[in-house]
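J.: The primary structure of each chain is shown beneath.
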Amino acid sequence: MRWLLLLLGMAAAQPRSGTQDMSRELQAMQADDSANPGMLWMQEGEALFQRREGLAGKACADCHASLAGVAARYPAWDPATAAPIDLAGRIQQCRAERQQAAPLPRESEPLLALTVFVARQSRGMALAPPADPRLAPARARGEALFRQRRGQLNLSCAQCHEERAGLRLGSALIPEGHANGYPQYRLEWQALGSLQRRLRNCMVGVRATAPAYGAAEYLELELFLAQRGAGLPVEAPAVRP
Amino acid sequence: MARVLLNLPRSAAKGAVIEIRTLIMHPMESGFRPGMNGSILPRDIITRFRCSYNGEEVFRAELSPAIAANPFISFTTVATESGTLSFTWEGDNDFRQTETRDIAVT
Chain D
1 MRWLLLLLGM AAAQPRSGTQ DMSRELQAMQ ADDSANPGML WMQEGEALFQ
51 RREGLAGKAC ADCHASLAGV AARYPAWDPA TAAPIDLAGR IQQCRAERQQ
101 AAPLPRESEP LLALTVFVAR QSRGMALAPP ADPRLAPARA RGEALFRQRR
151 GQLNLSCAQC HEERAGLRLG SALIPEGHAN GYPQYRLEWQ ALGSLQRRLR
201 NCMVGVRATA PAYGAAEYLE LELFLAQRGA GLPVEAPAVR P
Chain Y
242 MARVLLNLPR SAAKGAVIEI RTLIMHPMES GFRPGMNGSI LPRDIITRFR
292 CSYNGEEVFR AELSPAIAAN PFISFTTVAT ESGTLSFTWE GDNDFRQTET
342 RDIAVT
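Sequence lines, in order, name chains D and Y. Start counting the first sequence at 1; every next residue gets the next number (the working numbering). Start counting the second sequence at 242; every next residue gets the next number (the working numbering).
The following block holds chain D by itself, in its conformation from the complex:
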């Protein structure tokens, strides 16, 4: 009896991807590359990856062959800036320093396209956040942000996505809120968007002030979310309602 309870406890501790709670139709849409609209951005990203840009006259493809597994490891520690950096941030950095090209703003179509092109190469691989001790303080701040009540509704991320995960908010099922499918195509947006856009979405939802894209708070939350969803397969580009 005791081992059964232990087993049940372990099963509950496993993170549950939002995909498992979607309708069969949406799951099929995500799984089928000819129906998943994220693949349109993916195609765009593939073209951008091959294009020579900037003063250095280099394309991403001139240096990088396969980037399989990369998206599963981000956010990572960036020694140059002595701060955590996410995948989109790394692409921005590479573009500025190695290609010496005009910066791509966060949430711009070309940056989303490049990010999804890189992220998709890790599809199916388990989220494996780096154990770098330099990331630990930021990750801890991320967890504190996750549990901090905010906004006029005075709600924390954890109150919905941990305590009430699996229940309903109106007609919508509250998912555990794992970050394994970004950039993702959200039907509500009718577009591809980043994890930062999704976080912003929730902050606006509880009527809190959302920091600007690229702010340290998002990076800290992203770090914590990667740790929280460790082991889940990368699904980018995921489709979500």
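Any given hint could turn out to be false.
[Said to hold, decoys possible] Far from chain D, some chain Y residues (derived; all Cβ distances over 12 Å):
#	residue
1	Ser252
2	Ala253
3	Lys255
4	Val258
5	Gly272
6	Pro275
7	Thr288
8	Thr321
9	Gly324
[Said to hold, decoys possible] Computed Cβ-Cβ distance ranges for the label pairs, DEER-style:
#	chain 1	residue 1	chain 2	residue 2	range
10	Y	Ile281	D	Arg98	38 to 48 Å
11	Y	Met242	D	Leu67	22 to 32 Å
12	Y	Phe273	D	Gly214	31 to 41 Å
13	D	Leu153	Y	Val319	55 to 65 Å
14	D	Ala31	Y	Glu340	22 to 32 Å
15	Y	Ala257	D	Ala56	44 to 54 Å
16	Y	Arg342	D	Asp78	37 to 47 Å
17	D	Trp189	Y	Thr339	25 to 35 Å
18	D	Ala31	Y	Ser327	24 to 34 Å
19	D	Thr209	Y	Thr329	39 to 49 Å
20	Y	Arg342	D	Ala144	22 to 32 Å
21	D	Gly166	Y	Asn295	37 to 47 Å
22	Y	Pro275	D	Leu173	27 to 37 Å
What the hints contain is simulated information worked out from the structure, not anything from laboratory work. Quick reminder that beta carbons are idealized off the backbone N, C-alpha and C, glycines included.
With chain D held as given, fit chain Y onto it using these hints.
T.: Only chain Y this time, still in chain D's reference frame:
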């Protein structure tokens, strides 16, 4: 040029029913939504989709403002002879895009 995803078999047996799936990147702005400054965003949608098989129209769809962005259209046709399938999307602001795919029928 808008990005397009086309999924159809490269070859098929004569008389077989083939499934064709198309997805095109398009905002499908309905013409009813207010923009950031409160004024109505002008309508910008795809109004018509056509597929012809060796010049003969085999499928046509009229699209309306209620259809979501990046419209996905799936339909079937019968593989009659080897040749070319051509897909054309037309819409507001002189939007027009044509893609072609060859099919071998045995």
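J.: With reference to the structure, classify each hint as holding or not holding.
T.: Hint check results:
Consistency note on Ser252(Y): stated as away from chain D, and its beta-carbon is indeed over 12 Å from all of that chain's, at 17 Å minimum. Residue-level check passed: Ala253(Y) sits 16 Å from the nearest beta carbon of chain D, beyond 12 Å. With 12 Å as the threshold on Cβ separation, the claim that Lys255(Y) sits away from chain D holds: the shortest Cβ distance comes to roughly 24 Å. With a least beta-carbon separation of about 17 Å from chain D, Val258(Y) lies farther than 12 Å from that chain, consistent with its non-interface assignment.
Gly272(Y), annotated as away from the interface, keeps every beta carbon of chain D farther than 12 Å; the closest lies near 15 Å. Residue-level check passed: Pro275(Y) sits 16 Å from the nearest beta carbon of chain D, beyond 12 Å. The claim that Thr288(Y) is not at the interface with chain D holds, since no C-beta of that chain comes within 12 Å of its own (minimum 18 Å). A cut-off of 12 Å between C-beta atoms confirms that Thr321(Y) is not in contact with chain D; the least separation is 23 Å.
Its beta-carbon lying about 22 Å from the closest one in chain D, Gly324(Y) satisfies the requirement of being farther than 12 Å from that chain. For the pair Ile281(Y) and Arg98(D), the supplied restraint of 38 to 48 Å holds, since their beta-carbon distance comes to about 44 Å. With their beta carbons about 26 Å apart, Met242(Y) and Leu67(D) fall inside the hinted range of 22 to 32 Å. For Phe273(Y) and Gly214(D), the Cβ-Cβ distance of about 33 Å falls inside the hinted range of 31 to 41 Å, so the restraint holds.
Look at Leu153(D) against Val319(Y): about 56 Å separates their beta carbons, and that is inside 55 to 65 Å. A hinted range of 22 to 32 Å holds for the C-beta pair Ala31(D) and Glu340(Y), which are about 24 Å apart. A hinted range of 44 to 54 Å holds for the C-beta pair Ala257(Y) and Ala56(D), which are about 51 Å apart. Distance hint check: the CB atoms of Arg342(Y) and Asp78(D) are about 44 Å apart, consistent with the given range 37 to 47 Å.
Taking the beta carbon of each, Trp189(D) and Thr339(Y) are about 28 Å apart, inside 25 to 35 Å as hinted. Take Ala31(D) and Ser327(Y): their Cβ atoms lie about 29 Å apart, and the range 24 to 34 Å holds. Under the hint 39 to 49 Å, the C-beta atoms of Thr209(D) and Thr329(Y), about 47 Å apart, fit the expected range. Distance hint check for Arg342(Y) and Ala144(D): the Cβ-Cβ separation is about 54 Å, which falls outside the suggested range of 22 to 32 Å.
Between Gly166(D) and Asn295(Y) the C-beta distance comes to about 53 Å, which lies outside the given range of 37 to 47 Å. Between Pro275(Y) and Leu173(D) the CB atoms are about 30 Å apart, so this pair conforms to the stated range of 27 to 37 Å.
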